[in-house]
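Colleague: Take these sequences, add in the hints, and give me the full structure.
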Amino acid sequence: MEKKGDMLKELEAIKKLLILQLNHDGVSSDVIAKTLGMSKATLYTFLPKTQKKSSIKSI
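Quick note on numbering that gives the first Met the number 0: the sequence shown kicks off at 0 and runs consecutively.
Hints listed in this document are in silico derivations from the structure and should not be mistaken for laboratory results.
Do not take every clue at face value.
Stated by the list, open to error - 30 Å max Cα-Cα, derived DSSO-like pairs, lysine-lysine:
(1) 3 - 15
(2) 33 - 15
(3) 39 - 8
(4) 15 - 2
(5) 14 - 3
(6) 33 - 3
(7) 39 - 3
(8) 33 - 8
(9) 48 - 14
(10) 33 - 48
(11) 33 - 14
(12) 14 - 2
(13) 8 - 48
Modeller: Laid out in structure tokens, this is it:
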């Protein structure tokens, strides 16, 4: 069971890094959320306060 939990933590960390990189590269929050199958509200939980809503680029 520990290995499963560790793998889930690793996957969450990878997802967070992916979100941060895509946001940094200028991909819109709509595209990121749709691609990852999550709502924008959920997406914003992965972003630091300095990158939330106002600084997320849109197409």
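Colleague: Go through the numbered hints given earlier and state which of them the structure violates, listing their numbers in rising order.
Modeller: Hint check: nothing fails, all pass.
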